[in-house]
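**Student:** If you want the building blocks of each chain, they are given just below.
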Amino acid sequence: AQSVTQLDSQVPVFEEAPVELRCNYSSSVSVYLFWYVQYPNQGLQLLLKYLSGSTLVKGINGFEAEFNKSQTSFHLRKPSVHISDTAEYFCAGLNSGGYQKVTFGTGTKLQVIP
Amino acid sequence: DTGVSQDPRHKITKRGQNVTFRCDPISEHNRLYWYRQTLGQGPEFLTYFQNEAQLEKSRLLSDRFSAERPKGSFSTLEIQRTEQGDSAMYLCASSVTIAGGRGNEQFFGPGTRLTVL
Chain A
1 AQSVTQLDSQ VPVFEEAPVE LRCNYSSSVS VYLFWYVQYP NQGLQLLLKY LSGSTLVKGI
61 NGFEAEFNKS QTSFHLRKPS VHISDTAEYF CAGLNSGGYQ KVTFGTGTKL QVIP
Chain S
1 DTGVSQDPRH KITKRGQNVT FRCDPISEHN RLYWYRQTLG QGPEFLTYFQ NEAQLEKSRL
61 LSDRFSAERP KGSFSTLEIQ RTEQGDSAMY LCASSVTIAG GRGNEQFFGP GTRLTVL
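Protein chains in written order, with my numbering: chain A, 1 to 114; chain S, 1 to 117.
Next up, chain A with everything else stripped away, as it sits in the complex (with noise of 0.2 angstroms):
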């Protein structure tokens, strides 16, 4: 079975600091690996998604992501954050071998302070 583990409930830092959320998986076949973005009393969005090829993959907003199969993490980076990051993000994997479902970390709360 996969499970996908957010290791930070929340994150507080400055505006224009850099940021990493850290999200670890665990599965014994090959995964597809996502992150969502949430603001309040939104739905989710995706930021951006792994399925295979280069290990460091860039989404929307700035943020980029890298696979690490030996350390089975997936951490989500930003250079520098603005205000309007401040948002709930979802790290989430896809069985390749199963059913469609997406199986969602806990979630890291983003605060960008001014």
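Don't take every hint at face value.
What the hints assert, rightly or not - With a cut-off of at most 27 angstroms between alpha-carbon atoms, the simulated DSS-like pairs for lysine-lysine come out as follows: (1) S:K71 to S:K57; (2) A:K69 to A:K49; (3) S:K14 to A:K101; (4) A:K109 to S:K11; (5) A:K101 to S:K57; (6) A:K49 to A:K109; (7) A:K58 to A:K101; (8) S:K14 to S:K71; (9) A:K101 to A:K69; (10) S:K57 to A:K49; (11) S:K71 to A:K101; (12) A:K49 to A:K101; (13) S:K57 to S:K11; (14) A:K109 to A:K58; (15) A:K69 to A:K109.
Unchecked claim - Derived CB-CB ranges, DEER-like: (16) S:R81 to A:N41: 37 to 45 angstroms; (17) A:N41 to S:T13: 17 to 25 angstroms; (18) A:D8 to S:S5: 43 to 51 angstroms.
Stated by the list, open to error - Negatives, chain A to chain S, calculated, CB over 12 angstroms: (19) P12; (20) E15; (21) A17; (22) V19; (23) Q42; (24) T55; (25) E66; (26) K69; (27) S70; (28) R77; (29) I83; (30) E88; (31) K109; (32) P114.
Since the hints were made in silico from the structure, they are not lab data.
We put the CB at the ideal spot given by N, CA and C, even for glycine.
On the provided structure of chain A, position chain S as indicated by the hints.
**Tutor:** Positioned in the frame of chain A, the structure of chain S alone reads:
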């Protein structure tokens, strides 16, 4: 707007009442998913349709829950005899089959927030 839409956005009901939510997926998407999100948690999978066929149901989907997708278009999620523990955000997502079935992105709707008093 051609995204996933959900109706209503908010629903307040009394314990014991029945509620029904609707999801309209992106028109060309053949796959539709329901998730439930409680406070402080990530979304949890409830059920999945491919066209009109319901292919998987989570153990979270008790007998009080039923989902349909007639004609493979919109879907409804009904909760009978609601309980306070049903209070949550109910999210719908849709996707389209990619050749080889690889990692197709799910597009999420804005959700229906249910409050059971």
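**Student:** Any hints this thing doesn't respect? Which numbers, in order?
**Tutor:** 3, 8, 16, 18, 23, 30, 31
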